[in-house]
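First to last, the protein sequences are chains D and L.
The first sequence begins at 1 in UniProt numbering and counts up by one.
The second sequence begins at 1 in UniProt numbering and counts up by one.
Check the hints yourself; a few may be wrong.
Which copy? The list can't say, so a pair holds if one copy fits it or any two copies do.
Said to hold, decoys possible - Once the Cα atoms are required to be at most 25 Å apart in a straight line, the calculated DMTMM-like pairs of lysine to aspartate or glutamate come out as:
hint : residue 1 : residue 2
1    : Lys-128   : Asp-147
2    : Lys-209   : Asp-50
3    : Lys-128   : Asp-60
4    : Lys-128   : Glu-10
5    : Lys-128   : Asp-177
6    : Lys-40    : Glu-103
7    : Lys-128   : Asp-208
8    : Lys-209   : Glu-197
9    : Lys-209   : Glu-394
10   : Lys-40    : Glu-241
11   : Lys-128   : Glu-241
12   : Lys-128   : Asp-325
13   : Lys-40    : Glu-14
14   : Lys-128   : Asp-85
15   : Lys-209   : Glu-298
No lab work stands behind these hints, which were simulated from the structure alone.
All values derive from a computational prediction rather than experimental measurement.
2 protein chains.
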Amino acid sequence: MNSIQRRFAELATENAPGQEVRLQSTSSESAFLGGVIEGKPVDFSHGDVDAFLPAPGALDAFLEGYRRGGSQAYTEYLGDAAVRDIVADRLGAFTGAPPSAAEDLIVTPGTQGALFLAMGATVTSGTKVAVVEPDYFANRKLVRFFDGVLVPVELDYLGSTGRAGLNLDQLEAAFRDGAQVLVLSNPNNPTGVIYSEAEIDAIARLADKFGATVIVDQLYSRLLYEGHAYTHLRARSAARENLITIMGPSKTESLSGFRLGVAFGASAIVERMAKLQAIVSLRAAGYSQAVLNIWLAEPDGWMRDRIRQHQAIRNDLVGILSGVDGLALRTPEAGSYLFPRLPELTISSIDFVRALRQQAGVTVTPGVEFGPRSFESIRFNYSQNHEAAVAAVERTAALIDRYRVQRVARRA
Amino acid sequence: MNSIQRRFAELATENAPGQEVRLQSTSSESAFLGGVIEGKPVDFSHGDVDAFLPAPGALDAFLEGYRRGGSQAYTEYLGDAAVRDIVADRLGAFTGAPPSAAEDLIVTPGTQGALFLAMGATVTSGTKVAVVEPDYFANRKLVRFFDGVLVPVELDYLGSTGRAGLNLDQLEAAFRDGAQVLVLSNPNNPTGVIYSEAEIDAIARLADKFGATVIVDQLYSRLLYEGHAYTHLRARSAARENLITIMGPSKTESLSGFRLGVAFGASAIVERMAKLQAIVSLRAAGYSQAVLNIWLAEPDGWMRDRIRQHQAIRNDLVGILSGVDGLALRTPEAGSYLFPRLPELTISSIDFVRALRQQAGVTVTPGVEFGPRSFESIRFNYSQNHEAAVAAVERTAALIDRYRVQRVARRA
Numbered sequence: 001m002n003s004i005q006r007r008f009a010e011l012a013t014e015n016a017p018g019q020e021v022r023l024q025s026t027s028s029e030s031a032f033l034g035g036v037i038e039g040k041p042v043d044f045s046h047g048d049v050d051a052f053l054p055a056p057g058a059l060d061a062f063l064e065g066y067r068r069g070g071s072q073a074y075t076e077y078l079g080d081a082a083v084r085d086i087v088a089d090r091l092g093a094f095t096g097a098p099p100s101a102a103e104d105l106i107v108t109p110g111t112q113g114a115l116f117l118a119m120g121a122t123v124t125s126g127t128k129v130a131v132v133e134p135d136y137f138a139n140r141k142l143v144r145f146f147d148g149v150l151v152p153v154e155l156d157y158l159g160s161t162g163r164a165g166l167n168l169d170q171l172e173a174a175f176r177d178g179a180q181v182l183v184l185s186n187p188n189n190p191t192g193v194i195y196s197e198a199e200i201d202a203i204a205r206l207a208d209k210f211g212a213t214v215i216v217d218q219l220y221s222r223l224l225y226e227g228h229a230y231t232h233l234r235a236r237s238a239a240r241e242n243l244i245t246i247m248g249p250s251k252t253e254s255l256s257g258f259r260l261g262v263a264f265g266a267s268a269i270v271e272r273m274a275k276l277q278a279i280v281s282l283r284a285a286g287y288s289q290a291v292l293n294i295w296l297a298e299p300d301g302w303m304r305d306r307i308r309q310h311q312a313i314r315n316d317l318v319g320i321l322s323g324v325d326g327l328a329l330r331t332p333e334a335g336s337y338l339f340p341r342l343p344e345l346t347i348s349s350i351d352f353v354r355a356l357r358q359q360a361g362v363t364v365t366p367g368v369e370f371g372p373r374s375f376e377s378i379r380f381n382y383s384q385n386h387e388a389a390v391a392a393v394e395r396t397a398a399l400i401d402r403y404r405v406q407r408v409a410r411r412a
Numbered sequence: 001m002n003s004i005q006r007r008f009a010e011l012a013t014e015n016a017p018g019q020e021v022r023l024q025s026t027s028s029e030s031a032f033l034g035g036v037i038e039g040k041p042v043d044f045s046h047g048d049v050d051a052f053l054p055a056p057g058a059l060d061a062f063l064e065g066y067r068r069g070g071s072q073a074y075t076e077y078l079g080d081a082a083v084r085d086i087v088a089d090r091l092g093a094f095t096g097a098p099p100s101a102a103e104d105l106i107v108t109p110g111t112q113g114a115l116f117l118a119m120g121a122t123v124t125s126g127t128k129v130a131v132v133e134p135d136y137f138a139n140r141k142l143v144r145f146f147d148g149v150l151v152p153v154e155l156d157y158l159g160s161t162g163r164a165g166l167n168l169d170q171l172e173a174a175f176r177d178g179a180q181v182l183v184l185s186n187p188n189n190p191t192g193v194i195y196s197e198a199e200i201d202a203i204a205r206l207a208d209k210f211g212a213t214v215i216v217d218q219l220y221s222r223l224l225y226e227g228h229a230y231t232h233l234r235a236r237s238a239a240r241e242n243l244i245t246i247m248g249p250s251k252t253e254s255l256s257g258f259r260l261g262v263a264f265g266a267s268a269i270v271e272r273m274a275k276l277q278a279i280v281s282l283r284a285a286g287y288s289q290a291v292l293n294i295w296l297a298e299p300d301g302w303m304r305d306r307i308r309q310h311q312a313i314r315n316d317l318v319g320i321l322s323g324v325d326g327l328a329l330r331t332p333e334a335g336s337y338l339f340p341r342l343p344e345l346t347i348s349s350i351d352f353v354r355a356l357r358q359q360a361g362v363t364v365t366p367g368v369e370f371g372p373r374s375f376e377s378i379r380f381n382y383s384q385n386h387e388a389a390v391a392a393v394e395r396t397a398a399l400i401d402r403y404r405v406q407r408v409a410r411r412a
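Bound conformation, chain D alone:
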């Protein structure tokens, strides 16, 4: 294998969300037990924008952009200046620390695009990067693609309450050992836990002390459930010149089809990101950028309703899964991900994910995508039709029972 083949062998996508259609059927099917449990198929690998419709006004904003013509088609690499003005203001209000629209903000093709550019602007051959485990799967892949060195930092989300569970001793050791970058999502993807104010302050203090850059993916920070408080790293950080915050309207606002994200923070890093964007894709789709004009300014009550609906689904799914013997779960505090750890099964968790799809019409993402110690977990994105999601998670519970190693008596 030459070096380019090796590099890409590490970028496996066959279990990545939404790519299941490309999986060939495998011999693992011979280990499957029993028949199919009928029910409406649900794809939990990503949110269903047919169940939670795009935020109101998005299409009209796009059409306005289209009508604007050339100036909207060919924006600066950073993104349309008028759009950046509006978005910078609103992000300032949301996070408590206004970025400069001219220098601190870049519009990207999705938050994935923002993450790629941020990592590309800070990680090169041999750069040590502290990566939380579990966390969004692309974080680790990006470190490898840019030839950096992974330094894992554990998130004990199952063993903690009132905090996400970041191992701050490991984080300090990582920085002390030379990690120049920390990348994390908050709320954490895949677990839906929120970093506490004390954890955020500790991250800011440690990054500042060691001069490390922090890339924080806050994609889901608006979908915050009752009783939880969210602390923006950006608002607490002494060393804001080493911080990039990433957000976007793809999830809570269901605008993924427009491929939009933003990164904001340290102007020196944003400038490098723009240079990189110039050779990666030039800019986020010009007409799409106009959709950001309605972002963070939805009609009164719209976000409250969206949160309420997701919270109701969350409560039902947590209720079902809490009844499954041996399953471990932490209730999500924000976002729409649920990350149960399965009990011991007679088949591997990867095969269980396949069985789930073929025998119960339920598509989930295998936990190993999010970190090597999450092999026994599966991720649900429950931004779905409520009724269908409940039925699908009931089928999941039934299938766990079918494959569990020691059949213990269920509660009667």
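With the hints as your guide, set chain L onto chain D.
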């Protein structure tokens, strides 16, 4: 400067097309002579999609995609399967060598996205890459970004007729010296010349002989002027497993605002490109992808008219510039770029580009962007309002006269 800063210093974008708005005014203005020549400003750094409107049906196709909802928002990383089916068929008809829609084709965020992914899938630290000079500026930047080694191959476009002017001896020497990749645009950007059938055959033969991968950017191959023939490398290549062809609807079809491109060819490379896309931006904007349903299937006569209109502008601009003493020019054979080499001037060509913008309202791209030996050239994208383009190039001719070193008597 640390290694990441050095890497980005090489990705300068301040003279890149469309980014002029970010230029600070500089001391060079003190060298400017005379006053402003009034006239309607024209930005020749990219085509004007308000002068040449998006291909008919594009917006309707987008709206259909939007209405399709979730399945269009979340496509495979390769792109929507139905779209790929349609596009693969039409690209087969256009190039004479049909790709497999399932394995040989990827939809990308613009042809820039396709180029980035193709280079990222083939170039790693130390990979020698043969790059034509002059050629599209991102080619060289991409080689540097992926830490490859540039091996320049000269294009003698001014000294050749009936062929583009590729130095085939240099190309063979590059391959012999270990170049594993050749990247080129055809028609050549910035000169608008087309590689002859014999040149294409020679490229195919040499790449095959040395087992090199060829990435050919055919973005402008549809806008082909009267009296010229176009040879698709893909149709002539013995070694198609080492070939990636890139196209897209951003230029001739004026669909740049949707950010769409395609790459097709060797399935092993396309597979790596999809893996890379998964961490770069996931996919081309989902709703935008639906716009490809109308691509390469425009109404009868539409492309003929578009070619005719561009040819008429080309003829007028070539006519004006041919009357400028000391200016060297080759008439474009395809596309909408014109790349005159200026006579000797009293100011640097970079300052002349600035003077042109400030004193004549004419924005062009400096030749040095396209190769180190093109310092004295400037690039026009003449996909513009005809009348405004003619007036702007007349102002350009006047400004060349103002700044020329030896004022010779003009023809009376």
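Hint check:
no.: 1; hint: Lys-128 with Asp-147; result: both (9 Å within a copy, 19 Å between copies)
no.: 2; hint: Lys-209 with Asp-50; result: neither (46 Å within a copy, 52 Å between copies)
no.: 3; hint: Lys-128 with Asp-60; result: neither (44 Å within a copy, 48 Å between copies)
no.: 4; hint: Lys-128 with Glu-10; result: both (18 Å within a copy, 23 Å between copies)
no.: 5; hint: Lys-128 with Asp-177; result: within (9 Å within a copy, 34 Å between copies)
no.: 6; hint: Lys-40 with Glu-103; result: neither (48 Å within a copy, 30 Å between copies)
no.: 7; hint: Lys-128 with Asp-208; result: within (16 Å within a copy, 40 Å between copies)
no.: 8; hint: Lys-209 with Glu-197; result: within (18 Å within a copy, 63 Å between copies)
no.: 9; hint: Lys-209 with Glu-394; result: neither (48 Å within a copy, 60 Å between copies)
no.: 10; hint: Lys-40 with Glu-241; result: neither (49 Å within a copy, 42 Å between copies)
no.: 11; hint: Lys-128 with Glu-241; result: within (19 Å within a copy, 37 Å between copies)
no.: 12; hint: Lys-128 with Asp-325; result: neither (40 Å within a copy, 58 Å between copies)
no.: 13; hint: Lys-40 with Glu-14; result: within (24 Å within a copy, 54 Å between copies)
no.: 14; hint: Lys-128 with Asp-85; result: neither (34 Å within a copy, 43 Å between copies)
no.: 15; hint: Lys-209 with Glu-298; result: neither (39 Å within a copy, 60 Å between copies)
Hint compliance for this structure: hints 2, 3, 6, 9, 10, 12, 14 and 15 are not met, and every other hint is.
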